[in-house]
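Visitor: Protein chains in written order, with our numbering: chain A, 1 to 243; chain B, 1001 to 1243.
Treat the hints loosely; a few may be bogus.
[What the hints assert, rightly or not] Residues from chain A shown here face chain B by an in silico Cβ test under 10 Å; the list is partial:
#, residue
1, 6
2, 91
3, 230
Simulated from the structure, these hints should not be mistaken for lab results.
Here a beta-carbon is modelled for each residue, glycine too, at the ideal position from N, C-alpha and C.
Spelled out, the chains give:
Protein chains: 2
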Amino acid sequence: MKKLYVAGIGPGDARNMTAACREAIEDCDVMVGYSKYVELVAPLFPDKRILDTPMTREVERCRMALELACRGETVAMICSGDAGVYGMAGLICELAAEYEPVEIEVVAGVTAALAGAAVLGAPLTHDFAVISLSDLLTPWEVIERRLEHAAAADFCLALYNPSSRSRHDYLEKACAILRRHKPAQTVCGLVRNIGRAGQSDAILTLEELSQTSVDMFTTVFIGSSQTRIIGGRMVTPRGYRLD
Amino acid sequence: MKKLYVAGIGPGDARNMTAACREAIEDCDVMVGYSKYVELVAPLFPDKRILDTPMTREVERCRMALELACRGETVAMICSGDAGVYGMAGLICELAAEYEPVEIEVVAGVTAALAGAAVLGAPLTHDFAVISLSDLLTPWEVIERRLEHAAAADFCLALYNPSSRSRHDYLEKACAILRRHKPAQTVCGLVRNIGRAGQSDAILTLEELSQTSVDMFTTVFIGSSQTRIIGGRMVTPRGYRLD
Chain A
1 MKKLYVAGIG PGDARNMTAA CREAIEDCDV MVGYSKYVEL VAPLFPDKRI
51 LDTPMTREVE RCRMALELAC RGETVAMICS GDAGVYGMAG LICELAAEYE
101 PVEIEVVAGV TAALAGAAVL GAPLTHDFAV ISLSDLLTPW EVIERRLEHA
151 AAADFCLALY NPSSRSRHDY LEKACAILRR HKPAQTVCGL VRNIGRAGQS
201 DAILTLEELS QTSVDMFTTV FIGSSQTRII GGRMVTPRGY RLD
Chain B
1001 MKKLYVAGIG PGDARNMTAA CREAIEDCDV MVGYSKYVEL VAPLFPDKRI
1051 LDTPMTREVE RCRMALELAC RGETVAMICS GDAGVYGMAG LICELAAEYE
1101 PVEIEVVAGV TAALAGAAVL GAPLTHDFAV ISLSDLLTPW EVIERRLEHA
1151 AAADFCLALY NPSSRSRHDY LEKACAILRR HKPAQTVCGL VRNIGRAGQS
1201 DAILTLEELS QTSVDMFTTV FIGSSQTRII GGRMVTPRGY RLD
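Put together the whole structure using the sequences plus the hints.
Guide: What follows is the structure, given as structure tokens:
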């Protein structure tokens, strides 16, 4: 049967890519993806045919991948991080119903929450929630409600898409909601350009975070009431007795 | 400086392991871990020295790894899934303060929420929460509060440790809490032995899930109000317009 991989490449460097993702790309006739992510992996597969599209063309990109697969090509649709976390796996599954049967294999990858957590220490060692602050596809009221409940339940949080040119104050708004339940001194972290050139990170308080400018390449971490700074790292202890 | 890797091997098969994890194990003098996880990767590194401990000896295992590193050995402490999600990264960071300085590198991996989601389709394409139902280290009231808020905020959920010999009714109890906010027909999924021999999965309703027996090798997925079955897969659409 015609085959379409939807594969998460991890945060960007070859080191965080799984063997299964590498095999999927090696196996494919053509790699499809958002140009910025394709650029990250293309050097690893110099002979691979590539079709890339700009960022906001997700439906077009997925249709292109499905059409190629229907024509008999083995296709790897690549996503940054994990294919299933704000990635293209959902859209491919939705659209596939309109096409002739194609074997779809979703290949999991290391999403920014996990890769960024490893940079900071161990902020997500206990229960956590992942929320995107982008309201392009989700009403802001839904995002606000999720922030509110996640804070009330004392989850650790990983926030994706914390900012963009048109949403420069969204992180500040999110922090204000979290502050209703979390103290100003809550331990937070930032990782920018995870696994890419110029990676940087910082640990700061929730109060400081609310006054910090971030860009769309940053993943934000909010601690629970248990999260502490230990040896310069952001750590959420799971509760083991240390004797 | 003395070096200690805390590396997530992914769900169990070599295919879901990252290159960075493989390099960490190749680089180490000795691999330390829970015997069940060590068994999964040991065949890939036949010449590697191994120290394994039983499941409930987490503090002992981490101390052993730190002591070996302090003696000058390069150590890889391996965890299943991601080292930072209910893994040993947090405990290593906590305990490291008691030892002489050791360079600690946390190596992220594909946690069961991501690997299981890929098996089912794309259940976690939108905001989600990860909750462990184990009350060995967390009071059940905290778990209950997190389930309640996660359901009220319409998160998708990945539930870890949904059962054990002494907690056979915990998933049923969790489902009863979720039912206060989520309809009986909410799309749910199960994946057992992800990436291991005998992997199996099922898609079912929340009502059916509450009457289903699971074991500790199962990861449970609860849909949001948007989650649907599309082409036999569990999918949470992100909200793209399909034209």
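Visitor: Next step is simple, just say for each hint if it's right about the structure.
Guide: Verification of the supplied hints:
1. 6: 8 Å, holds
2. 91: 6 Å, holds
3. 230: With a closest approach of 5 Å, the residue 230/A hint holds.
In this structure, every one of the numbered hints holds.
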